[in-house]
Amino acid sequence: MLTIIAMLALYKNLVQVAVVATQDANHDGGLASALLTAQLELQSAGFGMEETATDNIRLPNNAESTYILWRYKNLDSSQTSCNGLLAREHPEKTEQKNRTLTLLHQPNCSSYPSATDSTLAGWATITNLAILAPETSVLFSRTDPLKCSNFSVGNDFKHPLITITAMSSSALANSVEDGLKIRYTVCLSNIRS
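Here the sequence shown is numbered in our numbering, starting from 1 and rising by one per residue.
Take the hints with a grain of salt, since some may be wrong.
No farther apart than 25 Å at their CA atoms in a straight line, the calculated lysine to any residue pairs in the SDA-like style are these [to be verified]:
hint : residue 1 : residue 2
1    : Lys97     : Leu139
2    : Lys12     : Met1
3    : Lys181    : Ser137
4    : Lys158    : Asp55
Label pairs and their computed distance ranges (CB to CB) [what the hints assert, rightly or not]:
hint : residue 1 : residue 2 : range
5    : His105    : Ala25     : 29 to 35 Å
6    : Ile5      : Pro134    : 33 to 39 Å
7    : Leu36     : Ala6      : 41 to 47 Å
8    : Ala25     : Lys147    : 35 to 41 Å
9    : Ser170    : Ser77     : 19 to 25 Å
10   : Pro60     : Thr127    : 20 to 26 Å
11   : Leu14     : Lys158    : 27 to 33 Å
Don't read these hints as lab results, they were simulated from the structure.
What you are looking at is a predicted structure, and each value in this text was computed from that prediction instead of being measured.
Where is the CB? At the ideal position from N, CA and C, for every residue including glycine.
Construct the complete structure from the given sequences, taking the supplied hints into account.
This is the structure we're talking about:
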């Protein structure tokens, strides 16, 4: 009898570990895919605009933020469009309090509206890039212009550098310092200073 109870306890623990590992893998895979897409989308910031315009990218007070906005010109119509990334509660997964990283679009925008949750809600949602765990934070920050380049192609110009910081499943499980957070950097080569 004791052997059966021990085997059932072992089975329960193995199933629990497998479920948690699957959830962690789904979270980390979705997050990596979303951040890669975010990096690629951010490459359009400032495209076709005046190279030195400082308002081609917007972060509130240039601090860490849950959203980032940028402007660019469309190749086919020469109209200025705005895109954005917004970390928010998932609009459909409210009972689990899941979070999402959303790619936003606003056509024909010559200037940014005051970016609040209500004004960003009026922007068209292109896609929710990932469904993330409830406690996940995704933050955007901007570094003063420095010499940087994409794809290791050097140049002598200074460009803004955007850092995207997000919480991996390990960071969520441990609730410890920044060492377990995922950081992606994007050199905005369309904007010079």
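Verification of the supplied hints:
1. Distance restraint check for Lys97 and Leu139: the Cα-Cα separation of roughly 18 Å lies within the 25 Å cut-off, and the hinted pair is therefore satisfied.
2. In summary, the hint linking Lys12 to Met1 is supported, as the alpha carbons are separated by about 17 Å, within the 25 Å threshold.
3. Only pairs whose Cα atoms come within 25 Å are accepted, and Lys181 paired with Ser137 is accepted, the gap being roughly 10 Å.
4. Distance restraint check for Lys158 and Asp55: the Cα-Cα separation of roughly 16 Å lies within the 25 Å cut-off, and the hinted pair is therefore satisfied.
5. Checking the proposed 29 to 35 Å range against His105 and Ala25 shows it holds: the Cβ atoms sit about 30 Å from each other.
6. With their beta carbons about 34 Å apart, Ile5 and Pro134 fall inside the hinted range of 33 to 39 Å.
7. Between Leu36 and Ala6 the C-beta distance comes to about 45 Å, which sits within the given range of 41 to 47 Å.
8. Taking the beta carbon of each, Ala25 and Lys147 are about 37 Å apart, inside 35 to 41 Å as hinted.
9. Taking the beta carbon of each, Ser170 and Ser77 are about 45 Å apart, not inside 19 to 25 Å as hinted.
10. Judged by the Cβ atoms, the range 20 to 26 Å given for Pro60 and Thr127 holds: they are separated by roughly 23 Å.
11. Checked against the given bound of 27 to 33 Å, the beta carbons of Leu14 and Lys158, roughly 54 Å apart, lie outside it.
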